[in-house]
Amino acid sequence: MERVNANWRRTLLRSSSVILLAVAWEWGARMHFVSDFLLPSLSSVLTRLFEDIVSGDILVGLGLTMLRTLAGFTIAAAAGIVIGITIARIRVIRWFFDPVVSVGNPLPKIAFLPIFILWFGVFDWSKIAMVAFSSVFPVVVATWAATESVDKYLLWSAESLGVSKRQLLWQIVLPAAMPQVFTGLQIALPISLIVVIICEMTMGGQGLGGSMMTSMRFADSPGVFSGIVAIAIVGSLVVKAMELIRKRLLVWHEENAH
Amino acid sequence: MTSSGISFNGVSHTYRPPRGRPVLALDGVSLEVKDREFVALLGPSGCGKSTLLYLLGGFMPVETGTISVAGKTVTGPGPDRGVVFQNFALFPWKTVQQNIVYGLEKQRMPKPEREKRAQELIELVHLEGFGDSYPSQLSGGMKQRVAIARTLAIDPLTLLMDEPFGALDAQTRTLMHEELLAIMRRTPKTVVFVTHDVREAVYLADRVAVMTARPGRIKEIVDTKPSTGSRAEFIHTQEYTEKVDYLWNLVRDEAIKAQGEH
Ligand SMILES: Nc1ncnc2c1ncn2[C@@H]1O[C@H](COP(=O)(O)OP(=O)(O)OP(=O)(O)O)[C@@H](O)[C@H]1O
Ligand SMILES: [Mg+2]
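Top line first, the protein sequences correspond to chains E and P.
Per the numbering used here, the very first residue in the first sequence carries number 512; after that it's consecutive.
Per the numbering used here, the very first residue in the second sequence carries number -16; after that it's consecutive.
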């Protein structure tokens, strides 16, 4: 009981700034500092969100959005890790990708949107491709750096224990690089979310971003705000899930040694 | 029994860092270590002891001179030469037990046998109850003992140890000395043992090689095998004290030279 109380208190304390902002929002809206249209009250937005959940409207949109996000993110993760490793280990690949990465990494990937529409159409594939393209860079960079900085003594000691050169990649390099690679993935995931919403807003095709634009066209501001609240909640849940997976996967790492 | 004598022949090594000047770390080292002989390397910090061990381990190419083990020129690393690294080099994602059995897995030892062997080694290095801990949860001295156990697990013919007891407290160190000597009696090995501790070198080794300040050369080799009796008695003899004093002076001279460089 004590423990449960303490846990609750800690959670409450950590989310206190969010609660404070929520209270300020509700209060500000009720005082009518601005019109209801510009800032609907939090309670009306939550009511709306609840209705949309019950009617299933938002779940379909959310589902589509998350599907696109995770599809793009998974492609980015797989491709990014493979590219990162091969850049670090194969000279030709490095020769090819080094300049591509230095130009592509800081580039605002959204600039490619028209081209992606042209190539992949306006449906799911162009959105997924856009997400993957935008999220792949942090994964490549993190994997590349991680693979290159693997402690040489780990490789040496593995070899002197009888590990063959071919086994080194899977058995030593990858696990040793894991913490940094995972950090890359944790950077890529929010990017995936941002890009998917932008794509849905500009290309339509349902999803949360799409329905928010529709709501705006119908001057339905609670609809827009409920979309924001929904994506904020789901986004923070997904990021939290990544943190938990990290804790699980990297139990051995210093960051988790108590 | 296979023979495993080591021979260094005019070995030099230059480090070429990507930035900065090349560093001549070793300059014409020649040294013979006989089969099943225990040779300790003493020398001031930075004189190239680790470098010599890494070359013998086959981790870096020998550019000048040759190194051979059991008559064969060293061309790469292999489990015939077990290495205890100065910085332990444990696999942080493996538990103590998994670290220790890793080399045995590579030798395709069956699982029950592996686990039995790991248990013996964990007891040998006094880490009972830590088999499931990760290296990040261990103290420096404990990590060092895991590293020793991991290398002993594969029972190599040749042992290369780089200050293997450096992180241990005096009591544990004494215990480990006895364990090492016992292992040597049971399964004699050829050992190259780097240390800063002159007493440890004289106590454990058959011969002690003193290296000069950088660039490292062999300055002098001193016979430290007790002329009579066991090592346990040796430590109380006049002969032991004299050898420690003599070697200590040699090392001190080189350490002063190394200081003077800066
Ligand atoms: N990777 C490297 N790049 C450049 N120089 C190096 C490198 N490693 C070692 N050196 C140089 O080579 C010399 C010998 O280094 P080494 O590590 O073999 O010394 P050591 O005798 O083992 O010292 P210690 O007793 O402190 O461990 C040092 O002076 C160092 O400056
Ligand atoms: Mg050293």
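Hints in this document: simulated from the structure, not taken from any laboratory.
All figures in this text were calculated on a predicted structure; none of them were measured in a lab.
The reader is advised that the hints may include incorrect statements.
[Claimed, not checked] In silico BS3-like cross-links for lysine-lysine, where the CA-CA straight-line distance does not exceed 30 Å:
| id | chain 1 | residue 1 | chain 2 | residue 2 |
| --- | --- | --- | --- | --- |
| 1 | P | 172 | P | 202 |
| 2 | P | 77 | P | 94 |
| 3 | P | 77 | E | 663 |
| 4 | P | 55 | P | 77 |
| 5 | P | 89 | E | 663 |
| 6 | P | 202 | E | 676 |
| 7 | P | 94 | E | 620 |
| 8 | P | 77 | E | 751 |
| 9 | P | 17 | E | 758 |
| 10 | E | 663 | P | 172 |
| 11 | P | 55 | P | 208 |
| 12 | P | 172 | E | 676 |
| 13 | E | 758 | E | 663 |
| 14 | P | 94 | E | 663 |
| 15 | P | 55 | E | 663 |
| 16 | P | 89 | P | 172 |
| 17 | P | 17 | P | 89 |
| 18 | P | 208 | E | 758 |
| 19 | P | 77 | P | 17 |
| 20 | E | 676 | P | 99 |
| 21 | P | 94 | E | 676 |
| 22 | E | 751 | E | 663 |
| 23 | P | 208 | E | 676 |
**Asked** Does residue 202 (chain P) pair with residue 676 (chain E) here, judged by a C-alpha cut-off of 30 Å?
**Response** Not satisfied, since the Cα-Cα distance of roughly 37 Å exceeds 30 Å.
**Prompt:** Taking 30 Å as the top limit, are the C-alpha atoms of residue 77 (chain P) and residue 94 (chain P) close enough?
**Reply:** The given pair, whose Cα atoms are some 16 Å apart, holds under the 30 Å limit.
**Asked** Are the Cα atoms of residue 55 (chain P) and residue 663 (chain E) separated by 30 Å or less?
**Response** holds, 25 Å
**Request:** Assess, step by step, whether the Cα of residue 676 (chain E) is no farther than 30 Å from the Cα of residue 99 (chain P), and give holds or violated.
**Result:** holds, 28 Å
**Request:** Quickly compare the C-alpha distance for residue 17 (chain P) and residue 758 (chain E) to 30 Å and report which way the hint goes.
**Result:** Judged against 30 Å, a Cα distance of about 50 Å means the pair is violated.
**Prompt:** Does residue 89 (chain P) pair with residue 172 (chain P) here, judged by a C-alpha cut-off of 30 Å?
**Reply:** holds, 21 Å
**Item:** Pairwise hint evaluation, residue 758 (chain E) against residue 208 (chain P), where the allowed Cα distance is 30 Å at most
**Value:** violated, 53 Å
**Message:** Check the hint pairing residue 663 (chain E) with residue 172 (chain P) against an upper bound of 30 Å on the C-alpha distance.
**Reply:** Holds, because 27 Å separates the two Cα atoms, which is no more than 30 Å.
**Request:** Would you mind confirming whether the straight-line C-alpha gap from residue 89 (chain P) to residue 663 (chain E) stays at or under 30 Å?
**Result:** holds, 20 Å
**Message:** Does residue 676 (chain E) sit within 30 Å of residue 172 (chain P), going by the straight-line distance between their CA atoms?
**Reply:** The hint holds at about 27 Å.
**Given hint residue 663 (chain E) paired with residue 94 (chain P) - CA-CA distance at most 30 Å** = holds, 29 Å
**Prompt:** Holds or violated: residue 55 (chain P) with residue 77 (chain P), Cα cutoff 30 Å?
**Reply:** violated, 33 Å
Of the numbered hints listed earlier, those contradicted by the structure are 4, 6, 7, 9, 18, 19, 22 and 23.
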